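> The chain contents come next:
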Amino acid sequence: MLRRRLRQFWDMCWTNGFLLSAVVCLTLLYLVALFAGFVSPYHYDNEDRTRSYHPPTRIHVFDDGRLTRPHVREYELTFDEDYRRVFVPVEGVRHDLRLFVRGDTYSFLGLLEWDLHLFGVGEEGRIYLLGADSRGRDLLSRIAYGAQVSMTIGLVGVAIALLFGLLLGGISGYYGGWIDTVIQRSTEIIMIIPGFFLLLALRAAFPPDWDSIRVYFFIIVILSFIGWASLARVIRGMVLSLREKEFVAAARVLGAPDRFIITRHLIPNTASYFVVYASISIPGYILGESALSLLGLGIQDPHASWGNLLQEAMSITQIQLHPWILLPGFFIFVAVMSFNIVGDALRDLLDPQQEVTTTI
Amino acid sequence: MSLPNAQPENNASGAAAEEPRRILEVRNLSVEFYPGSTRAFHAVVDANFEIEAGKMVSVVGESGCGKTLSALALVGLTPPAARCRGTIVHGSRSFEASSSALARLRGRDVGMVFQEPMTALNPLFSLDRQFREVLRYLRGVEDRKEARDISTELLDRVGLDRPERRVNQFPHQLSGGQRQRAMIALALAGEPSLLIADEPTTALDATLERRVMELFRKLADEGLGVLMISHDLPLVADVSDRVVVMYSGYTVENGPAHQLVDAPQHPYTRGLVASASAIVLGDTPRLPVIPGEVPSPDRRPGGCPFHPRCPEKLDRCESEFPPESEPVAGVRTACWARGGDQ
Amino acid sequence: MTLLRTIDLAKHFVLDTDMRGRPTEVEKAVDGVDLTLAENEILGLVGESGCGKTTLARLLLRILRPTRGEVHLDGRRIDHLSERSLREIRPKLQAVFQDPSESLNPRFTIGESIGEGLRHLTDLSHDESRRRVHEGMERVGLPARIADHYPHQLSGGQRQRVGIARALVLRPRLVILDEPTSALDVSIQAQIINLLFDLKDENRLSYIFISHDLNLVRYVSDRIGVMVAGRIVEMGPTRDVVENPEHTETRTLLEAVARERVAGSAPGGPGRG
Ligand SMILES: Nc1ncnc2c1ncn2[C@@H]1O[C@H](COP(=O)(O)OP(=O)(O)O)[C@@H](O)[C@H]1O
Ligand SMILES: Nc1ncnc2c1ncn2[C@@H]1O[C@H](COP(=O)(O)OP(=O)(O)O)[C@@H](O)[C@H]1O
Ligand code: SF4
Ligand SMILES: [Mg+2]
Ligand SMILES: [Mg+2]
Numbered sequence: 001m002l003r004r005r006l007r008q009f010w011d012m013c014w015t016n017g018f019l020l021s022a023v024v025c026l027t028l029l030y031l032v033a034l035f036a037g038f039v040s041p042y043h044y045d046n047e048d049r050t051r052s053y054h055p056p057t058r059i060h061v062f063d064d065g066r067l068t069r070p071h072v073r074e075y076e077l078t079f080d081e082d083y084r085r086v087f088v089p090v091e092g093v094r095h096d097l098r099l100f101v102r103g104d105t106y107s108f109l110g111l112l113e114w115d116l117h118l119f120g121v122g123e124e125g126r127i128y129l130l131g132a133d134s135r136g137r138d139l140l141s142r143i144a145y146g147a148q149v150s151m152t153i154g155l156v157g158v159a160i161a162l163l164f165g166l167l168l169g170g171i172s173g174y175y176g177g178w179i180d181t182v183i184q185r186s187t188e189i190i191m192i193i194p195g196f197f198l199l200l201a202l203r204a205a206f207p208p209d210w211d212s213i214r215v216y217f218f219i220i221v222i223l224s225f226i227g228w229a230s231l232a233r234v235i236r237g238m239v240l241s242l243r244e245k246e247f248v249a250a251a252r253v254l255g256a257p258d259r260f261i262i263t264r265h266l267i268p269n270t271a272s273y274f275v276v277y278a279s280i281s282i283p284g285y286i287l288g289e290s291a292l293s294l295l296g297l298g299i300q301d302p303h304a305s306w307g308n309l310l311q312e313a314m315s316i317t318q319i320q321l322h323p324w325i326l327l328p329g330f331f332i333f334v335a336v337m338s339f340n341i342v343g344d345a346l347r348d349l350l351d352p353q354q355e356v357t358t359t360i
Numbered sequence: 361m362s363l364p365n366a367q368p369e370n371n372a373s374g375a376a377a378e379e380p381r382r383i384l385e386v387r388n389l390s391v392e393f394y395p396g397s398t399r400a401f402h403a404v405v406d407a408n409f410e411i412e413a414g415k416m417v418s419v420v421g422e423s424g425c426g427k428t429l430s431a432l433a434l435v436g437l438t439p440p441a442a443r444c445r446g447t448i449v450h451g452s453r454s455f456e457a458s459s460s461a462l463a464r465l466r467g468r469d470v471g472m473v474f475q476e477p478m479t480a481l482n483p484l485f486s487l488d489r490q491f492r493e494v495l496r497y498l499r500g501v502e503d504r505k506e507a508r509d510i511s512t513e514l515l516d517r518v519g520l521d522r523p524e525r526r527v528n529q530f531p532h533q534l535s536g537g538q539r540q541r542a543m544i545a546l547a548l549a550g551e552p553s554l555l556i557a558d559e560p561t562t563a564l565d566a567t568l569e570r571r572v573m574e575l576f577r578k579l580a581d582e583g584l585g586v587l588m589i590s591h592d593l594p595l596v597a598d599v600s601d602r603v604v605v606m607y608s609g610y611t612v613e614n615g616p617a618h619q620l621v622d623a624p625q626h627p628y629t630r631g632l633v634a635s636a637s638a639i640v641l642g643d644t645p646r647l648p649v650i651p652g653e654v655p656s657p658d659r660r661p662g663g664c665p666f667h668p669r670c671p672e673k674l675d676r677c678e679s680e681f682p683p684e685s686e687p688v689a690g691v692r693t694a695c696w697a698r699g700g701d702q
Numbered sequence: 703m704t705l706l707r708t709i710d711l712a713k714h715f716v717l718d719t720d721m722r723g724r725p726t727e728v729e730k731a732v733d734g735v736d737l738t739l740a741e742n743e744i745l746g747l748v749g750e751s752g753c754g755k756t757t758l759a760r761l762l763l764r765i766l767r768p769t770r771g772e773v774h775l776d777g778r779r780i781d782h783l784s785e786r787s788l789r790e791i792r793p794k795l796q797a798v799f800q801d802p803s804e805s806l807n808p809r810f811t812i813g814e815s816i817g818e819g820l821r822h823l824t825d826l827s828h829d830e831s832r833r834r835v836h837e838g839m840e841r842v843g844l845p846a847r848i849a850d851h852y853p854h855q856l857s858g859g860q861r862q863r864v865g866i867a868r869a870l871v872l873r874p875r876l877v878i879l880d881e882p883t884s885a886l887d888v889s890i891q892a893q894i895i896n897l898l899f900d901l902k903d904e905n906r907l908s909y910i911f912i913s914h915d916l917n918l919v920r921y922v923s924d925r926i927g928v929m930v931a932g933r934i935v936e937m938g939p940t941r942d943v944v945e946n947p948e949h950t951e952t953r954t955l956l957e958a959v960a961r962e963r964v965a966g967s968a969p970g971g972p973g974r975g
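Residue numbers (the numbering used here), protein chains in the order written: chain X, 1 to 360; chain P, 361 to 702; chain W, 703 to 975.
The following block holds chain X by itself, in its conformation from the complex (with noise of 0.2 Å):
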């Protein structure tokens, strides 16, 4: 069955351009958040003060006209004749780029400490492949760091929030009765507060001055004690049509207890549509962390989230005179739609609709 489905998931990928994209995104996403401390140049909170919003550098393979090893500049900080702060190159000075270079230690999964960086320029010069911040720190590596918090938040919420949504839903619709009352009320409640209201309330009632470790596992749990509610509802929906089939009768008569009733044969054939809906909501995970670090309430700095990161970009002029540090962002609306299009993909793959032709 399932191995079916992922056959069929693939054939999907390579007929629709638009899915096999996403699907790369993702996948590359959270390799980038996997091996975060690999892929950036730097530490998330290695600053250079001197080097405030330093803009792209880029990659020069021509020296004086001539084919050279892959380089970038030195660039040095004057003023225009408007005052204004520009980096300029010098000339002169170049870094080479190079692969497999030793940096800033981290430490990789949590597990061993490791300072070997995919690329870099050693010492001596800074590369800035996306920018720089306020405080000079690389934005590129922000952003791989970044991509751990938000790249996760969603799967994590997701799933806590498709346990409990899964289990109230399914013993709301199995038993009925007051059960059912008293589960699809305490929804109702979590569903008429918008949710972004329900998120700041939430988050005020806790110290402001949590670490970022802790405020990361308490936002979860808000977005998934936000989201548990609409999941509910439609598992409800779905078990009140299931127990009414032959095979949950046939398990009663073959002495299923109810939990085995709801657990095995009830809610995996929720399945096509929490799929779906975990692919779908996750997106909401990440924006609804986005939202909350750009007002400060989530991750706090030095710790990178694209939504603190995004924190910079809060005014005006900052983004006409730096539009780099608007890249968080485009992650964002990357990640977002891409589990937006895999979540689409999945609904038209699970329908039941289409379950039905292709067996007929």
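Hints are computed from structural coordinates only; laboratory data are not their basis. These numbers come from a predicted model, not from an experiment. All C-beta atoms, glycine included, are put in the ideal place defined by N, C-alpha and C. Heads up, some of the hints might be wrong.
[Claimed, not checked] Incomplete in silico selection of chain P near chain W, CB under 8 Å:
#, residue
1, Glu422
2, Ser423
3, Asp565
4, Leu575
5, Gly631
6, Ser635
7, Ile639
8, Ala697
For this one, chain X is given, so just place chains P and W with the ligands on it according to the hints.
Frame of chain X; chains P and W with the ligands shown alone:
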């Protein structure tokens, strides 16, 4: 009516007036899945049959024998993975079986009725509204009053009681049998000359099943051509003129309905008749059965595809496909044991 | 010896209530059924769809709780038992359902489906269960290799064999067959009916055979009960009911099947009472 893609081929149909009008002729129809690939297989092989006005022809066989695909091919509805070959003549127009022009016959020339009425009826709209849309689309009827009169008449024709009231009802307010009648009425809205019904009564009770079958007979008697698809030979034989028996994609017997039941020729037809009549007669302690099951067409055995289940199997059956013969006048069958060697 | 007996069994579904929760619209799906079933007997229940056959089956199987009335199995009253106490009698009282594609969980392998009852109702070891599952599969004519397959990979007839094996491995005494062949081809129907007869003789089973097809019920059953609108309007030995129908409904059902044309009998001819 002009069909740009069709290739009108002046058939010899302008012949003698007293000869019954031929509505449909299917010649060498084959349906192949995944053509050209390693998993290619034929789900329908060389089907040949014809339907005249006022006649009811039934295609019978167990599930998986290719009945539905044969019917879908007549109106260009086979799945995308399938390729059709052969010739399909609707009235005086002849089509390649692969032609996309076949699709334009749906509704106006060919009405279709399926097993599950709710697939064709929209649960959100009253019958009146559904008929109105179909009538506007197929017959250009714009006037509400006129559409309503026509739908009432159609509902009356399919034997729904109090049609002038029923027309206001929603599908869920009708019982299973009534819904099936409403769906037949809807299929008749385009004034087709041919009605295809794919297992239209499988979801119904024995009692209702029979009444709906009688309705199809009545429609045939009124001049329509009816192509009935069913797995229940005794049920359809009662009301049909001819029966085509399919087995694993092959047509194994084609003859007058009463002959097929009273004197079946092909061992497969014999098996089908024997089990059914034993239930009705009730005089045997065990039912005669055809052992085993229909092979799926991609795992069909060589030679006569029925040989692993056949009680009359001869040696050559395993290796050679039996040619068609006519052991009794009017009955064509493909079996070595029925004079296939003559 | 009486195996099963019901007294004034009824199930009323409340379709609508007023503000105070009092029922205003009630569907009397089963409304006062008295029946008895002897050991090693086949009782046929026939009636048009919607007359309450499935509801009655579910009451006997205690998937539904009756509104009133009693069910006695083997001299023991079972209609008021708790789920826990029911576990003792469940192995004795099994069922085969109408639509084999609906009655098997699409996400269970065939082996898991057949072993489900053993898992819940017995303390057999893993190996012992597997042996019983294979034994059951062999008995109903399923090749052992399909134990790891999923229902969608099987034909309709094979699926119904799975449904039968699943009941059989528990070594029941009474099996309720709710339209066990209605979703099958006529030819496969004959195979399944024969199989059910064989199993009955081998295991001294009793059946309640439910169908809307009087021909079939007549062929299969020792006694017939005709159901109309939640009640059994006529019940007796098959021959009596078919040859001397007392109720108009029975006559309608008989008429419906009487016109079937079969080999060796002209339409409406002898052999159908
Ligand atoms: N979409 C499909 N893809 C692949 N094979 C198909 C498809 N539809 C039908 N078939 C094959 O064609 C055979 C005949 O199908 P069908 O015409 O539906 O049979 P029937 O109506 O007689 O039950 C099936 O056994 C199956 O193997
Ligand atoms: N859970 C239910 N709630 C309300 N009505 C029901 C329910 N189950 C069955 N019914 C009704 O009870 C009647 C008998 O149904 P059923 O026992 O399924 O009949 P049969 O099996 O003879 O076709 C029908 O009118 C049906 O609509
Ligand atoms: S050709 Fe041979 S195997 Fe086929 S039906 Fe005839 S006797 Fe049987
Ligand atoms: Mg079909
Ligand atoms: Mg029923």
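> Look at each hint and say if it fits the structure.
The hints, checked one at a time:
no. : hint   : verdict
1   : Glu422 : holds (4 Å)
2   : Ser423 : holds (6 Å)
3   : Asp565 : holds (4 Å)
4   : Leu575 : violated (14 Å)
5   : Gly631 : holds (7 Å)
6   : Ser635 : holds (4 Å)
7   : Ile639 : holds (5 Å)
8   : Ala697 : violated (18 Å)
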